[in-house]
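**Student:** Knowing the structure of chain A, use the given hints to seat chain B on it.
Protein chains: 2
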Amino acid sequence: MSTSKTFSRVAVVGAGTIGASWAALFLAHGLHVTVSDPRHDLEEYVTAQLAAFTPTLAALGLPTDDLTARLVFEPELEKAVADADVVQESGPDDLNLKQELFARLGAATRPGTLLLSSTSGIRATDFTARMADPGRVAVGHPFNPPHLIPLVEIVPGEQTEAGTLADAAAFYRQVGKQPLILRREIPGFVANRLQSALFREAVHLVTTGVVGLEDLDTIVTSSIGPRWAAGGPFLTFNLGGGPGGLEHFLKHLGSGMEMLWQLLGKPSLDEATVATLNAQVREAYGDRTHGQLSAARDRDQLALMAALRNAD
Amino acid sequence: MSTSKTFSRVAVVGAGTIGASWAALFLAHGLHVTVSDPRHDLEEYVTAQLAAFTPTLAALGLPTDDLTARLVFEPELEKAVADADVVQESGPDDLNLKQELFARLGAATRPGTLLLSSTSGIRATDFTARMADPGRVAVGHPFNPPHLIPLVEIVPGEQTEAGTLADAAAFYRQVGKQPLILRREIPGFVANRLQSALFREAVHLVTTGVVGLEDLDTIVTSSIGPRWAAGGPFLTFNLGGGPGGLEHFLKHLGSGMEMLWQLLGKPSLDEATVATLNAQVREAYGDRTHGQLSAARDRDQLALMAALRNAD
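Taken in sequence, the protein lines are chains A and B. Number 120 in the working numbering belongs to position 120 of the first sequence; there are no gaps in the numbering. Number 1058 in the working numbering belongs to position 58 of the second sequence; there are no gaps in the numbering.
Don't read these hints as lab results, they were simulated from the structure. All clues stand as given, with none of them false.
Straight-line distance between alpha carbons at most 27 Å, and here's what the computed DSSO-like set of lysine-lysine pairs gives: (1) B:K1079 to B:K1005; (2) A:K251 to B:K1266; (3) B:K1266 to A:K266; (4) B:K1251 to A:K266; (5) A:K5 to A:K79.
Label-pair ranges, simulated between beta-carbon atoms: (6) B:P1055 to A:E44: 46 to 56 Å; (7) B:A1132 to A:A306: 51 to 61 Å; (8) B:H1252 to A:G176: 28 to 38 Å; (9) B:H1248 to A:A82: 30 to 40 Å; (10) A:D66 to B:A1059: 38 to 48 Å; (11) A:R184 to B:D1094: 36 to 46 Å; (12) A:A82 to B:P1055: 49 to 59 Å; (13) A:D287 to B:G1265: 36 to 46 Å; (14) B:G1265 to A:D133: 33 to 43 Å; (15) A:R282 to B:D1066: 41 to 51 Å; (16) B:A1048 to A:T68: 57 to 67 Å; (17) A:P243 to B:G1244: 44 to 54 Å.
Every beta carbon over 10 Å from chain A, so not counted as near; a handful from chain B, in silico: (18) R1039; (19) T1068; (20) R1110; (21) R1173; (22) A1272.
Glycine included, C-beta positions come from ideal geometry on N, C-alpha and C.
Bound-form chain A, shown alone:
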């Protein structure tokens, strides 16, 4: 495989929220897409999701005319993937199911077909255990929803070939994503681990009564959220150190940082903690429906993504 290869036929295997979002993104980037899933309402569900995602795709500046002209539904897995350049798998995160699925994918696809999994929880090394040629498999883990948030973490299994990682990155760049290749498998990969580290302290601060849940959300959206949308944590502290950079920053503020690390909370998600969080979420957001809250958040999200794209 070489990175100059072009990708024109994609099979989306597994048509839940993530699969449908991938399908929408691939279609908006001009690819031929075959969606496969045993669900009885396959065509109805994916078509409805596509319609729901179309305004977002349009707001991102993507062409949305005739998206369904290059879309095919094929419940039978082997038929769906026979012709594909790439398979993006987004099935349930069940090890046995995924091992079986990737054994079938390996047998039913052409030898050069790139096999990518959206899994957030299972290592490629594990779910490819029953395949003859796991070298062309990698994790391609999006940050939900894939048609809007740029990141894809590409994670190699122990058998993944270097060319597979390069091809996967080229494929994701072709559809406008920001792919990053991790050096090795680790539970939660990078983004979810970072997210969980912050969430842990958020749970601690709310359940110990330092700050209300809605106020904590507002603190994040009015400080570290926009800060980290413009620059990652290392760049932020590198600039925070002035002309002396991160070195100066750590020399002067490193010991304070280490002191805070020792003071961070270690909550568990026991019944009382979960009850407190659920009650405060209802108090903060219970006056609006999921649809209303999503619409407001998505409007802000889209405005941000458009602003970043225009600024760069």
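**Tutor:** For chain B alone, coordinates are given in the frame of chain A:
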């Protein structure tokens, strides 16, 4: 004190980076500002900083004509604050110095003057120890730089009166900030604790070779950064749970989250760790000057803040 009070005369005590940024923000919101600092280059420094901040203020939609018309320099502390409705103190974070300073501020200001400190590290309970009337003092901790990032954490000391907190919030809203009142003092307050929790795992992932430092920054700017600029962590997971909300989310993904918490790294900032980080920062960003990196980050930051303001 009552929240219907208007604030027109502010004394900015301490003219470093933070103090100068506060002064710029206050002036752009039409306040009369007296800046006090013993530094010999006071007028020259603040005037230069004001000029540097002006394009940002203008991009935020604030009037920037004749900013200096309402600006006075007064090195002598007692004279500078005698007439003030509010004092925003941004001196060095040294307990003895701050205790001395607030004793003088208490004696030199009118009894109704609001006394606010930008400190990120010292409790109001501690730095007001030598004051007769600590009830009108609170921490008003900005997220750097105050003229651009919306958050101000208002933190009460043990003696702070409730009216002081309400007045401080009204004052910060008057100058376009997003004030949040914490319920009690805690080291690092909220934003810096959350930031340090994420940074700790970031240090772990880079120094254990899971991901390169620049790639980690890109992962954050292409996923959780923009996500948390549009919605805080609790709202994000509340929406992630679908119509069932956070309750559904925690029921299904809570145990996976707890598992990740157990796996988070516990790095220290020892010599080898700091050397690794410094080397990778140089590799990632060493080809650009501090000024170039700042300009690129600030351009993105401004575009984001403008987009959020327009979307809301």
